[in-house]
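Protein chains in written order, with my numbering: chain G, 6 to 213; chain S, 2 to 334.
Keep in mind that a hint or two might mislead.
[Unchecked claim] Straight-line Cα separation of at most 16 Å, EDC-like style, residue types lysine to aspartate or glutamate; simulated pairs:
(1) S:K175 to S:E64
(2) S:K327 to S:D132
(3) S:K128 to S:D98
(4) G:K34 to S:D152
(5) S:K43 to G:D168
(6) S:K6 to S:E331
(7) S:K328 to G:E140
(8) G:K102 to S:E116
(9) S:K279 to S:D132
(10) S:K279 to G:D106
(11) S:K38 to S:E248
Hints listed in this document are in silico derivations from the structure and should not be mistaken for laboratory results.
As the structure is a prediction and not an experimental result, all values here were calculated from the model.
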Amino acid sequence: MKRKYPMILTFIFGMIGLFLKASPILNEKFVDYLLLWTAAISSFAVIYSTFNVVKHHILKIRKKHRDMMYSYVTFVGILLMGVTGFVGHYFPQSNWKLLYDNLYQFVRTPLDATMFSLLAFYISSAAYRAFRAREWQATMLLIAGFIVMLGRVATGPLMIFADITNWIMLVPTTAVMRAIMIGVGLGITSTSIKIILGIETSYLGGGK
Amino acid sequence: MNLKKISEFLLNFKKKYIYLVMFVLISTPLVLKRTQKTYETKEVKSIYQKIEEIYQHNQDNPEDKLAIFISVDFAPSTKAECDPMMNAMLRHAFLRDIPVLGWAGVPQGIDYGLERFNTIAKEYNKKYGEDYIYLGYAYPFLQAALSLGTDVRIFSSTDYYGKDTYDNYPIMEKFNNYNKLGLFTSITGTSLAEGWIQYANGLFNQEVAAGVTAVNASRLYPFLQSGQLVGMMGGLKGAAEYEQMVERLEKKEIKKDIKNYLSGLYKNYEAPEDNPRKYDTSYTKTELLKSINSRKMARQGMAAQKIAHFYVIALIIIANIGYLLKKRYESRR
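One chain only, chain S, in its complex shape:
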């Protein structure tokens, strides 16, 4: 009798309470802004290492520099996982003075990607068209991937702002095909990373890295093992690892508290009339706060994810104890 009651209790938690507890558990660390450190894996370290190699190459060969290309292949739905990856990678590149080219592989990511590029570029005083460029929407995918084999300007004859990429931007003169790219990165919640591996790496031997959502990560492990993928950031954990590494580098390079650094960045700067920058050269209090918070976004997410994982494990254990008790009770009858 007792067994029956206990098993029925354990097996019949109401859905609304399960949801409510999940909501409270996830929101508490996010509201309290708790962060969670994570261990660093080989897959993520190798991306970081690759960018460091490009930096070293650019230092040794200032006339023959390499750039990186970031394809914003995600929609806001997967922003929680993909956004910190993109932030960390952009920060790493700009810290190391590596030119960055970018576009969006999905229509929902076009404006989002641009906003991220401009926001992070502003943190390092980078100029649009010289240090970075955003080419808008890379549609159709196949043509976009193949055009980089010769000259991407055939495909992207204008940038996001509609300006001719042949005449207006020095960065496009130097970096317009795979030969001038040290690394191509697809940050995505879709299967586009596999497309880049097939075309950019398969046809043109371009080194490709991927930042993908956790559910997509398992699909890319074979490419890691075969060497077709330089490295991979898988889900929030991968993002947190990269974020940690870039934070260490930033502390080492900037040697200042980040708030002081950002507040002082444009203090004595007078924007010329033909300001080529695509951002305001000053920081409001909200912008400062946002910028500081975005440096630990993935690790804040990891704190919430940790609790959520423990909660799901606890639920599974409870349900299985209930199931075993029910089985025992039924076999006794």
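In isolation and in its complexed conformation, chain G is listed as follows:
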């Protein structure tokens, strides 16, 4: 029963989507209702995911996991941003809003940017250790990498690399990406059909 009803609903709404797309008249009439419903359903996903995060970290603290300190940090972060954001939104002239803006601008933004900028350091070390001309395929990759890196920042006499870079991006890269995307597209289509017809049920959980 637990699996039967969701599967029936998936089939019905899958078919509704298909019919709406096939019939412009029905589409015009009902698509807005469908949008409102699905937007409302999606809001529950946010509630559910928040509940899940809280549950996960409470369990960690209860079991006295060695990293439980980070769970406390998570709770402090959720509460602080949640309360200041919520109150600040309804009282935009208050200090709550100021606190939220400052937390966002001077804590959240630099933390996020710092994590991403660490890539520059990892890449320099990884390139030094792993990028070797061991075989001809690796050598080709190395040469292409050199050209693109030079081409992206080319000026003056290096402009020849800019032209070659454009060719690399527009011809071989496009060809390979297109092949990958066609594969992905076919995969999405077949998986969608399998889900609508009830052949693929892993989204329901339970393992069977």
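Based on the hints, put chain S in the right spot on chain G.
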């Protein structure tokens, strides 16, 4: 013996020194505020050209204007690349008096996007709700994309500030679906640009442009070639190109030093009691400096990126010389 020593030296640089040199090389041009000019590519020029076409259309048809939509689909983590793209595009639109609608496709970008919209609008004395609007968080994505097919107010019944979009904003009366948009742009560090191509362009024939991080750029080249994408700004380089073009236009249109222009913008302006603007109508010294610096942010980044690229290339060459020497030494043994 010598070969062994040299190869061992070349292959065993310590990680901390590699990091330290990278840090010094990247920070030096940023601290010195060096900028790097870049060549302009077709992909970026076509976005600029598209906005110019919208401007021309609006000039010729003042009763049937077109707007542009900017989706802030990036988090602060990719701010270095995406922020200059958004700044340049907003400046271009406001310079050309093109109405701008916007929202955020990722939760981390909601407040950031709003701050950028208000800050850039202030530079051109644009009014919230008339010249631009920010609709908050576009979640869930699919519903957001489809709602623009009929009337976006079904989905975004309130704007970021929680005000009803049906009653309060003239801009929403005129521009609420794809038919009234000349261009939809997704600025992103995620795969959301592909989503916009699939739904906005695929289903509604909306012209779509993208500003993406360099790592995501290669995924979008097939869409450029097929014409599903008007143009693309790829990484810091794409941002620098657009920034350059907009700077030229700004110099041509404003005909003043930007500092003088901004300082004088609200000099004799008296804000009415019901000030519809979402910003203070004056400039502090820090704000002025920030605004001037933000006009060359991508080109400053390009100067640092150039050195970083040369450094990585040098490291790869050194490591490969070491590797070849090691191979030779081992084959001799």
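Each hint tested on the structure:
{"no.": "1", "hint": "S:K175 to S:E64", "in the structure": "10 Å, holds"}
{"no.": "2", "hint": "S:K327 to S:D132", "in the structure": "65 Å, violated"}
{"no.": "3", "hint": "S:K128 to S:D98", "in the structure": "11 Å, holds"}
{"no.": "4", "hint": "G:K34 to S:D152", "in the structure": "13 Å, holds"}
{"no.": "5", "hint": "S:K43 to G:D168", "in the structure": "12 Å, holds"}
{"no.": "6", "hint": "S:K6 to S:E331", "in the structure": "12 Å, holds"}
{"no.": "7", "hint": "S:K328 to G:E140", "in the structure": "13 Å, holds"}
{"no.": "8", "hint": "G:K102 to S:E116", "in the structure": "13 Å, holds"}
{"no.": "9", "hint": "S:K279 to S:D132", "in the structure": "12 Å, holds"}
{"no.": "10", "hint": "S:K279 to G:D106", "in the structure": "15 Å, holds"}
{"no.": "11", "hint": "S:K38 to S:E248", "in the structure": "12 Å, holds"}
Hint 2 alone, counting from the list given before, is not met by this structure.
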